[in-house]
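Following the hints, put chain B in place on chain A, whose structure we already have.
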Amino acid sequence: MSDYSPVESNAWVPETAGNTTAWRSLVDNDAILYASAGCCHVAAYGLYAMSGEVSYRICYFALPSNHDDLDWRVDFAYQQSGLTSSVRFTLADASSTDTATATVTAASGADSVTIRPVNTTASTTPRYGYLDVTATAGESITLSYLYVSVVPAVARTGVLASGYISVGAQWYTASAPIPSEIIQTLQNNPTKIANDRPQAVYSAVQLLKADARGIFSTNSTTLTEVLRLVLPSLDHAKTYRLWCYVERTLTAKADVVVFIGSKLVTLLNDEGIMQATFTAGAFDLNSTSPTGNSVKIRVASGSGYVGLSTLQILEEPG
Amino acid sequence: MGLRAPIPIPLIPEALAAFIDPIKSAPWFPGVAEAKQHALATSGRGVGIGAGVYLTDGNAATFSVPVPPGVVYMQVRLMMSGVGSISVDSTNNGTAKTLGTELQGMDAASAAVLMQTSTLPGDMKTSPLKVRGSSAWTWTTETVTVTFTSSSTGDTGMIYGIAFDPVWEPQST
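Protein chains in written order, with the working numbering: chain A, 1 to 318; chain B, 1 to 173.
Derived by calculation from the structure, the hints in this document are not laboratory data. Note that CB positions come from ideal geometry on N, CA and C, so glycine has one too. Careful: at least some of the hints might be erroneous.
A partial selection of chain B residues facing chain A, derived with a Cβ cut-off under 8 angstroms [said to hold, decoys possible]:
#, residue
1, I12
2, K36
3, A39
4, G48
5, G50
6, A61
7, R77
8, W137
9, F164
Per the computed footprint, the stretches of chain A lying under chain B, defined by three or more beta-carbons under 8 angstroms from a beta-carbon of chain B, are [stated by the list, open to error]:
#, region
10, 30 to 40
11, 169 to 181
Now the in silico label distances, taken between C-beta atoms and shown as ranges [stated by the list, open to error]:
#, chain 1, residue 1, chain 2, residue 2, range
12, B, L120, A, E181, 42 to 52 angstroms
13, A, T99, B, G122, 41 to 51 angstroms
14, A, R57, B, T56, 17 to 27 angstroms
15, B, L3, A, S2, 14 to 24 angstroms
Isolated chain A (complex conformation) (with noise of 0.2 angstroms):
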């Protein structure tokens, strides 16, 4: 399949044809579009990093929409001491698991773990992924940047659970009419990917302490700033999903508050995954200056240790 190719800006004139270059290109983009259009949920650093034979898993991210099942794949950089290491990633619901391993060999360099998902479900609660490491006896390996993304394929025919409705050929062909159902679809098609392949505006992962004692982490009870966020510019109003993985010791639980621009989000009082949706403008975001965008936690309840060891927003479909 050839690349996306947008049409001259002047090409839609009374008495387009049905057979028309025009035409025929908008027919055409329409499934190289669902074909290729990106989506990144993680572009994350940091040094995750683990030594010995047993599995260890190193972090958590959310994985949002897909309902057309479209493939996962994280992409990672790595250093290894031994010979063999294996990246496990794992796809997880509520209730079901999909995985998928890669082996690496090199002693350093990059490559890729990608799941299709059989067993789990997509639904309005994203699900989630997470990385479990494996080194051989003795050895260490450690990751660094990670790429989570959708992987674009050619679509299948029918309606797809995303609502995407393939546009055939047969539509461009000569005296073929130009109906306005088939219209229709085309105008919505590109809302519909966009919506089943929400993007990350922010992300951050870090390593997973079995201590609970990350970068990101406190055992006051007094809300403690642990990060500063910088969000690209955001013009349109919509609505985000704040997610956040916090791993804890001992009984303690969270709160993690987030002020984004003018916004407050708070989640309270919990451990694991936590989440939230708020809606915001261009004005909302960019109301304060970056520095004022941050994050604080606290123990809520309990004792012990929290910490905050990934916190996403990503586009929330709707």
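Structure of chain B alone, referenced to chain A:
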């Protein structure tokens, strides 16, 4: 071949078209569909991304950054505290961008400041980061390396986050 500007039609939340037949044909019907397609490929959906890091003196971080169609440059914004010099480079940049600050005695998240490149390709001082050799209508990723070198004196500094914003320019069709 002409130039095609990005189209910032928001695609989330959904605003769906619904035709009720019979409806009189009009040339802007396919034009609207095409505009939404171009929005999906460009600024209607091509948001940038922010990455949280905790990068200390003498360390380098490598990111894989999503680059939408038609984008050749990205503005880089980062948050840091303390004293230090930051080099930001990509595989297509040629010359690394250098940013830095000297905030003695203010080495904490609560005292972090924002530094950024401009959004003007060709700017002689702080031009945006080049993330693609030349324009193409494809989705890709670019490897960006951020190297933090702190001053030998004073507060050693810290980088707390970095954001990459596409610089949207008209490109050839």
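Does the Cβ pair A/T99, B/G122 satisfy 41 to 51 angstroms?
-> Between A/T99 and B/G122, where Cβ atoms are some 48 angstroms apart, the hint holds.
Hint check, B/A39 versus chain A [nearest Cβ-Cβ separation less than 8 angstroms] = This hint holds: B/A39 lies near chain A, its Cβ roughly 7 angstroms from the closest one there, short of 8 angstroms.
Should the interface hint for B/W137 be scored as holding, given a Cβ-Cβ cut-off of 8 angstroms against chain A?
-> 5 angstroms, holds
Hint check: 8 angstroms Cβ-Cβ cutoff, B/F164 to chain A = 7 angstroms, holds
Could one say that the CB atoms of B/L120 and A/E181 fall in the range 42 to 52 angstroms?
-> 45 angstroms, holds
Given coverage of the region 169 to 181 of chain A by chain B, tested with a Cβ cutoff of 8 angstroms and a minimum of 3 residues = holds (count 3)
Range hint compliance [Cβ, B/L3 to A/S2, 14 to 24 angstroms] | 21 angstroms, holds
Let me know if the C-beta of B/R77 comes in closer than 8 angstroms to any C-beta of chain A, holds or violated.
-> 6 angstroms, holds
With a Cβ-Cβ cutoff of 8 angstroms, does the region 30 to 40 of chain A contain at least three residues near chain B?
-> Answer holds; 6 residues pass the 8 angstroms Cβ test.
Cut-off 8 angstroms, beta-carbon criterion: hint that B/A61 touches chain A | 4 angstroms, holds
Classify the hint on B/G50 as holds or violated, based on whether any CB of chain A lies nearer than 8 angstroms to its CB.
-> 4 angstroms, holds
Do A/R57 and B/T56 keep their Cβ atoms within the hinted range of 17 to 27 angstroms?
-> Because 25 angstroms falls inside the window, the suggested range holds.
Checked against the numbered hints above, the structure violates none of them.
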